[in-house]
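Novice: With chain A fixed as given, assemble chain B onto it according to the hints.
2 protein chains.
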Amino acid sequence: MGDGQVLELLTPIAALAALAVAGLAAHLVLKENPGSPRIKEIADAIHEGATAFLRRQYTTIWAVMIVISIVLFVAPGWGWRASVVYIGGALSSTAAGFLGMHIALRANSRTANAALSGINRALKIAFRGGLVMGMSVVGIGLLGIFLCYTWLNNPTFILPYSFGASSVALFARVGGGIFTKTADVGADLSGKIEAGIPEDDPRNPAVIADNVGDNVGDVAGMGADLFESYVASTVAAMIVGLTAYSTKGVTLPLFISAIGILASIVSVGFVRVRKGKDPSYALNTATIVSVVATAVGSIIISAYVFGWGVGRNLFIAILAGLLSGLVIGLTSDYFTNNIHRPAQFIAYEAQSGAAISILGGFSIGLLSTVLPIISIAAATIVAFMAAGFYGICLAGVGMLAVTGIIVSADAYGPVVDNAGGIVEQSGMPKKVRKVTDSLDSVGNTTKAICKGFAIGSAALTAVALFAAYREVAKISTMDLLEPKVMAGVFLGSGVVALFCALVILAVGRNAYKMVAEVRRQFKEIPGLLKGKAKPDYARCVDIATKGALRELIAPGVLALSMPILIGLLLGKAALGGYLAGSIVTGLVFALLMANAGGAWDNAKKYVEMGHFGGKGTPTHAAAVVGDTVGDPFKDTAGPSLNILIKLMSMVALILAPFL
Amino acid sequence: MGDGQVLELLTPIAALAALAVAGLAAHLVLKENPGSPRIKEIADAIHEGATAFLRRQYTTIWAVMIVISIVLFVAPGWGWRASVVYIGGALSSTAAGFLGMHIALRANSRTANAALSGINRALKIAFRGGLVMGMSVVGIGLLGIFLCYTWLNNPTFILPYSFGASSVALFARVGGGIFTKTADVGADLSGKIEAGIPEDDPRNPAVIADNVGDNVGDVAGMGADLFESYVASTVAAMIVGLTAYSTKGVTLPLFISAIGILASIVSVGFVRVRKGKDPSYALNTATIVSVVATAVGSIIISAYVFGWGVGRNLFIAILAGLLSGLVIGLTSDYFTNNIHRPAQFIAYEAQSGAAISILGGFSIGLLSTVLPIISIAAATIVAFMAAGFYGICLAGVGMLAVTGIIVSADAYGPVVDNAGGIVEQSGMPKKVRKVTDSLDSVGNTTKAICKGFAIGSAALTAVALFAAYREVAKISTMDLLEPKVMAGVFLGSGVVALFCALVILAVGRNAYKMVAEVRRQFKEIPGLLKGKAKPDYARCVDIATKGALRELIAPGVLALSMPILIGLLLGKAALGGYLAGSIVTGLVFALLMANAGGAWDNAKKYVEMGHFGGKGTPTHAAAVVGDTVGDPFKDTAGPSLNILIKLMSMVALILAPFL
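First to last, the protein sequences are chains A and B. Using the numbering used here, the first residue of the first sequence is number 391, and each one after it goes up by one. Using the numbering used here, the first residue of the second sequence is number 391, and each one after it goes up by one.
Some clues are possibly wrong.
Identical chains blur together in the list; that is why a pair holds if it fits in one copy or across any two.
Unchecked claim - No farther apart than 25 Å at their CA atoms in a straight line, the calculated lysine to any residue pairs in the SDA-like style are these: (1) Lys903 with Pro1008; (2) Lys514 with Lys824; (3) Lys913 with Lys924; (4) Lys582 with Phe1002.
Please keep in mind that the hints were generated in silico from the structure rather than gathered at the bench. On a predicted model such as this, the values are computed, not experimentally measured, just so you know.
Only chain A is shown next, with the shape it has when bound in the complex:
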């Protein structure tokens, strides 16, 4: 066998390999034919809107970043290195988001164009568009951690890198979530419902904002979310590993992540549509291959580094994480995909009106939380019994090892969704729309799985950060019988409710402004509804952008300040209780909102496929109400909770040395 030095190269090699794959995929996407001038025109409008939003968002981010880095600079226990690392983390996340979104935006028109010549080619392009995001996240993330560790040689000092990623994620995920639903709900209410024009119709002034939203929310937002989880779980494992097994304990998480990357790259080769098979088969095969390959690689590396006795136990912890990720993803798919009973049940209930359908979806959402909660609880117990707190952290690392392929499959969703929009808006033949629709239905599955995965991994990451918090804050107990701890649990639970309320209200307020603007344009621009004049798309993008950034302030301040407040007022044990309360209640609400929202969405689509009367019936109208309620649930509040629980844990960790 080789020796330690070869092994040490594993991490940077894997990270660079991911970046190389991302570069190759980007190259392959860009050399495709971008299509007719009309296609290009629409794609450019989307690209312009998305870039404008990101630029404005990142400008705001940087104002906040600079303040935080100054705080870190002067804070006892941290210092200038922390500021640099923090900025590095923020820059890394930003870079991954920009790269991924840029290519996804190029891939959409090319997918639309390729759909003219069949499904397999279109799938390839769309998947490669997503692949850039997935590989950028893991490549940049792992490389960043590796460089920080090489420089500072102490995992605790890498925390600010993760904190930088968290800060960006707050903006990208929460801001992006508010943007996307402002545009979506606004476009639907004013266009589909009031003016009676179809979805994605070019006459609707909010349609470009809606397309932009898919990208800033589902591509950049999801990427930043998982970038944060990926980095945080690895760093948490390194911190706890140092105490448990010194250097060996620090490097194993890096190796596992590296193996996950290599496994993801191998699995990419399995993405092709076989004759007579559903295209979802292609993506699911890739996911399963990467999970199995990661498991096999992990057991070999654990045994090699730690010997069979300890290595086996560490592997059990890793496997617990991998499997619970799989369970959560599949549960989300079961409860939201309309080939299964739950979404069909909601469609059935829509026959009795909107209210009953809402109640049905809400119940389904609640039911969908049970199995993921059990699997997170089980993974926590199994991983701890196998390898203590280090095991819990490794479970998180194991689950997130396959992030590369999961994010790729997810980012594929908005690409084909946008491609469908472009096909519609550029007036291409119906059969082309059929191709993109069939690709889009796969995108819904991968999105559901990834959403579940993002929530589960956020919860497990937060639990890992919780374990790291214990380490850094030097706490020996966090006793529920101490009323301050119990009060902390109550308050942590309450902050989740408050955060959700703020975010949902934000979408409502903004969507209202968007509706007013669309109405104005319909009234004031002559010939618009007859298709004889062009709407002012940019104005709508602008409203969504400004609104999203303004509405971000309150929930952002809440997430950053509450852990500090609790820590200073009630002490570090109560802060632990607070984190526990927020993780537990946050998990329930995130799953509820994501899955209820997904189920309503697909129930509506099920009706639109012709069931229970199909489009235009009262049943359809009832299902549309459910879908609209679900929009901010699944795309704003639900995913924002992932950020909330991780960010608050991260703030607690950064604060811990002071307490």
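Specialist: Here is chain B on its own, set in the frame of chain A:
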């Protein structure tokens, strides 16, 4: 001053005084004129339906009770005395529920009749109708505890009394909640929406079932819920008090409860409508008088029994509970009453359609949880700092001391609601309906306050039971850093979601059957819609009854078995974590559901008052959707969670000696 012996008489005297007031109030109600034959006919139909439901429900209850009492009989640590006490608790709760509902059902027709001659008289009768429930709950409850303690002389042995009350509450609250919303939603969907006939119209076959539901849900159900809280918090305080201060610690909770009763009786004198004042003023004055009188009495008795030094601290704990009860009640009122901004905001949002209005109500519901959570957390910390775990229990006792007046004011609600229905169905003049409507709007406020109070007290009772669990299970720590405890918290949180889902789905399923039956009757009974034939009311009552009892099985089994499962599989510390998780998440969901539901209801009423276009507009239709979604939220799932968290804590306590 008198001596100990005089003081010992305080408890039985107060309990008997409550029963005497209940008897007097019942007498005064019954001697009122029951009205015209038509009024009597309708009232009798409601009475018959409600009695039929209760009889069937209690038959089922007794089957379960007998099984549980046999288990207690053979269980090590308990024995025949426990069985007797358990049956006694169940019987007591049943008696209070039966008495209260019986008189409430007599008071409705008499209130309707009295409304002919003005508001003041009608208010008096309706309030007296509610008073019987309120005073029966506290009178029977305190007397039962007193007798058990006199017999067994050990507070732990009174636990089965409380467990008996919990078992009945499960059926009465959850079963009643499913019944009432099955009937309400069924009646609304088929009558108001499909057939286009007004609410409470006698042509609607489900209308009697709907009226019955108000009584079995809001009178009997709420009564059983608060009976359970009242008994459980007192017993928990006695158990913890014994360890902390021996006999003195046991008797103080009894004294506080006694003082609360006397204060409530005094406050009843303040219930009269003054010229030019809103009738709600009368009920609110009574509540405030009873809170102040209880506070004054508590400080005197605490200082007398314990001396000023300790007594003052105990009083601080009691006051913390009283005040947090007040805060929670007032918060519920603020967020649900349509004289305040939140409900008006939801009505405003209904102009943009049902979906936006649903999102608005959901956000309002989430926001409404924040202040109650903070006040529960604060009460827990303050009470503990003042007087340790005993203080936490006393906070619960303090909050619940005013149960008598709160339940009276609450049970008033269904009485006037039913009276309004009777006025409508018996074709009395419009101006009479105006009187009952104005009384009803007060009922909505008192119901909102009481609902908040019920939730807050359930949470505080559960925290007190949690403290008692620590005592009985002899646990020294319940460390969140122990993964089993953390897993327990996750699972406790998950069970809340599952329970909610089961209960809401149950209402949906049953309401669907009800709609089918109403449709059938409209089709098959000739002349029904023209008012020329009578519908088959009993059939609808029967459907709601059977459905409620069948649908109770799954959530009931879940609530009873889960703590046992967790305790046996994961141990007693994990069971503690499980209870904490369920209390915290249960509190958030209970508040969310109760307040969102109440706010939607009152937003609809606000539109019906003529705002934003009034009845018959799309805005009204949107508000009706919100109201229908809110129905099972506020009247089934929300209140059922109170039961869930208390019942599971109680099961854990009963189980504790085995673990």
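Novice: A separate judgement is required for each hint: does it hold in the structure or not?
Specialist: So, going through the hints one by one against the coordinates:
{"no.": "1", "hint": "Lys903 with Pro1008", "result": "between (27 Å within a copy, 20 Å between copies)"}
{"no.": "2", "hint": "Lys514 with Lys824", "result": "within (17 Å within a copy, 69 Å between copies)"}
{"no.": "3", "hint": "Lys913 with Lys924", "result": "within (13 Å within a copy, 53 Å between copies)"}
{"no.": "4", "hint": "Lys582 with Phe1002", "result": "both (20 Å within a copy, 23 Å between copies)"}
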